[in-house]
Amino acid sequence: MEPLLRLINIRKTFNSVKDQKVEAVDEISLEVWEGEFLCILGRSGCGKTTLLRMIAGLEPPTGGEIFLENQLIRGTDPNVGLIFQEFVLLPWRTVLGNIEFGLEVMGVDQAQRRRKAMEYIKIIELEGFEHQYPKELSGGMKQRVAIARAIICNPKILLMDEPFAALDAQTRFNMQKFLLSLWEKTGKTIFFVTHNVDEAVFLGQRLILLSSRPGKIISETKVDLDYPRDIHSMEFIRIRKEALQQLENN
Amino acid sequence: MKWFSGLLLLISVFLWQLLSWLGILPPYRIPSPLGILKGLSTLLVDGLPPGYLLHRHALESLLRVFYGFGIASALAIPLGIVMGWSKIIRAILTPFVEIVRPVPPLAWIPLAILWFGIGIKSAAFIIFLGAFFPILLNTISGVLMLDVRLIEATKVLGARETDILLKVLAPGALPSLWTGLRIGLGIGWMTVVAAEFTGVKSGYGLGYLIMIARDIQRPDQIVGGMIVIGFIGYFLDSILRRIESRLLEWM
Amino acid sequence: MNLKRAKSLFMASAVLLMILTPLLGNPCAMQKVRLGYLQSDLHQLAAFVALEKGFFQQEGVQITIGGIFKAGPEEMTAFASRELDVGYVGEAPATVAVANKVADVKIVAQVNLEGSAIVVRKESGIRSLQDLAGKTAAVPGYAQVQDFLLRKALLQNTIPSRSVNVIIIKPPEMIPTLQTKQIDAFVAWEPYPAKAITKGIGEVLMYSGEIWPRHPCCVVVVDTQFLGKHPDVVRGLLRAHVKATHFIKGNFEEASKIGTKYTGMDLETVKLAMKSIVYEYVPDEEGLLEYVTFLNKLGTIKVEDPGEFVKRIIDVTHLHRVLKE
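Chains as they are written, first to last, in the working numbering: chain A, 13 to 262; chain B, 5 to 255; chain C, 840 to 1164.
Incorrect hints may appear among the rest.
Pairwise CB distance ranges (calculated) [claimed, not checked]:
id, chain 1, residue 1, chain 2, residue 2, range
1, A, 147, B, 101, 29 to 37 Å
2, C, 1125, B, 49, 32 to 40 Å
3, B, 236, C, 972, 31 to 39 Å
4, B, 251, A, 142, 17 to 25 Å
5, C, 907, B, 48, 33 to 41 Å
6, B, 5, A, 197, 52 to 60 Å
Honestly, the hints are just simulated from the structure, not real lab data. In this text the structure is predicted, and so the values were computed from the model without any measurement. Cβ atoms here follow ideal geometry from the backbone N, Cα and C, with glycine treated the same way.
Given only the sequences and the hints, what does the whole structure look like? Please build it.
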């Protein structure tokens, strides 16, 4: 079986203000398999967001190639969905309007759009909020809308950039459970980036640890625990401790 | 608080009338409030020149403003969005904008009369010049101030350039754009009055009216005309404000 | 005497001298007079001549220019705010200002008679006043003399004034708008009619003298308070004015050259214009009465007794004294 996503020797160098070269990402190669929940774990500023933006097609890599189903990624692609940490909904559109956006752009007619969007409103459990504006929603609700907006277009892979970092602990926990149930239901491939070790171990089937400045793969760990995971179990604590150690050493 | 300022206004008007009666404020220097009311009523009932009634004057001026303002908006809004979006276009057009903008619209009057005559087109042209730049500049800044990530998020969802222009930049720039429209309309309304001073073919216009009142040395009618102009200007802006609060309820 | 004493004596005498000198000066010291006139108005040639040839100074009147105005009403506003003492101005705006109690002046002399014309576009096909029906004509100001002249002309030819679209445009804009067919005719004071002719754009349909022979146009006005305080200065002014008026009559070439200097128009235009202006200094009471009656009817002013008003506003006592000399 071929991997869904392949990164080959990805490098990213930025020109800083003083015209110095800053290496954000240094020679990263990895594979993502269809249907898996992959977590990229690293400290803040380790280049993981840059990595994500390159896969999304928003930044060109300085070196290396990215293949989605053997097609070279050259720019943004609706096959690659992206969830931001700050939600980034269109503030002038209602919940429905935001969810429908991708379908609108694809040219789907209004009746069909509306039907599908209403389906997803049910999935994200926001019935009754269809005509609210983002300013009236809580952080968790906004992120759910963002997720619906992304997956309604049926992307092959869903990239998530620390999507729950801006939420309070309780909401974050609920959202993690929500995401897992969504993943189980839809079977989507999820590429989840975070700096939160607990979160990564709780969610991911596979963990890839990234070092800081420049971003380089330290190690790869499989997390073979069943869902839902018990954060107090011995295995959970062991994996967690090891991950923390590796991050600290690098 | 509002009733307090209303009360203050009433008191000052009363004092003004009193001073006028006492002869401290002579009527030829500054007409009394009653005198202004009388002048206003003659404008309404008899008209100036006789037979040319106030509401017709107001209507003509409004028509000129809508004409000029309408064209200014139709041109400035799309141009502003494009200039905000494209660095190249912005770099090419900005010098032209910055050279023409500081020239007061009234300075164009002799040229306007040469090109368009003294009909509605020349007044509309002057108003266009007054309204165009605030709308353009506010639209550009509205686009420039947009969060880049909004554009990125829509790009990722498959938005092409036209989608971004129409579905992201235009609505996103709307708050700033609308401020530009309000400023543009205000300037346009002020400009129409002065633009009419040089003469109008139809014989109607509020600025034209004031010029005639000036010719016959009737300061009461001059101030009466000014009050009408002020009220209409306020009224126009309040309409825009109402629409604004509807359009921007998402903010 | 030591140095210190010498110094203080010197200072004291200097100060004394400074205080006394003005008192020691000529008892008939020159009174500064603030004069106003209209820009590019050839009717007021007497003022230009008097200024250019120094006639005012010769009569002991020290002139400062209080303002050069685009139109009569503006000049009258300057009188209202006490910025002018004397002015060359159209009789119409002066009358309206006094009747509406905006300014308080007296007419002390005439400046000119006639000197306006109805001008039509060259190939417009308008040959007579009847042809003006349904057309657009411009006048320089509402209820001004030119507006009155047009109405009078129409009335004399039993043409209803409603049939002509009369609008107000300032004279500098009249010629371009005539050329571009925005208007079909205009009524203005010289030199604008002459300019339309020399530019090849228009031709005269009727001179104002044909409509209302020897009608009054511009006058010399004096602020009433100033007149009360300095009647001798006003008389000196009038002497200069009479001298200048005679000068124009006897020295056409030189007067026209002065005209080009002050109006900025070319010699050909000025000479043509001067031919239709009658320079005269005796005020015409009858003419003013007719005009005041017209304004009263129009509702522009409300004067109870036009005859009494005319007698009140015209003060020829000083002119008569000067002429007797």
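Quiz item: Do the Cβ positions of residue 1125 of chain C and residue 49 of chain B conform to the proposed distance bound of 32 to 40 Å?
Solution: Holds: the Cβ-Cβ distance is about 34 Å, inside 32 to 40 Å.
Quiz item: Does the Cβ distance between residue 236 of chain B and residue 972 of chain C fall inside 31 to 39 Å?
Solution: Since residue 236 of chain B and residue 972 of chain C have Cβ atoms about 35 Å apart, the given range 31 to 39 Å holds.
Quiz item: Quick one: are residue 251 of chain B and residue 142 of chain A within 17 to 25 Å, going by C-beta?
Solution: Roughly 20 Å apart at Cβ, these two residues keep to the hinted range, so it holds.
Practice problem: Could you tell me whether the CB distance from residue 907 of chain C to residue 48 of chain B stays inside 33 to 41 Å? | Solution: Holds: the Cβ-Cβ distance is about 37 Å, inside 33 to 41 Å.
Self-check item: Pairwise beta carbon distance, residue 5 of chain B to residue 197 of chain A, judged against the given window 52 to 60 Å
Solution: Since the Cβ atoms of residue 5 of chain B and residue 197 of chain A sit about 57 Å apart, the hinted range of 52 to 60 Å holds.
Quiz item: That 29 to 37 Å hint for residue 147 of chain A and residue 101 of chain B (C-beta), does it hold up?
Solution: 34 Å, holds
The structure agrees with every numbered hint stated previously.
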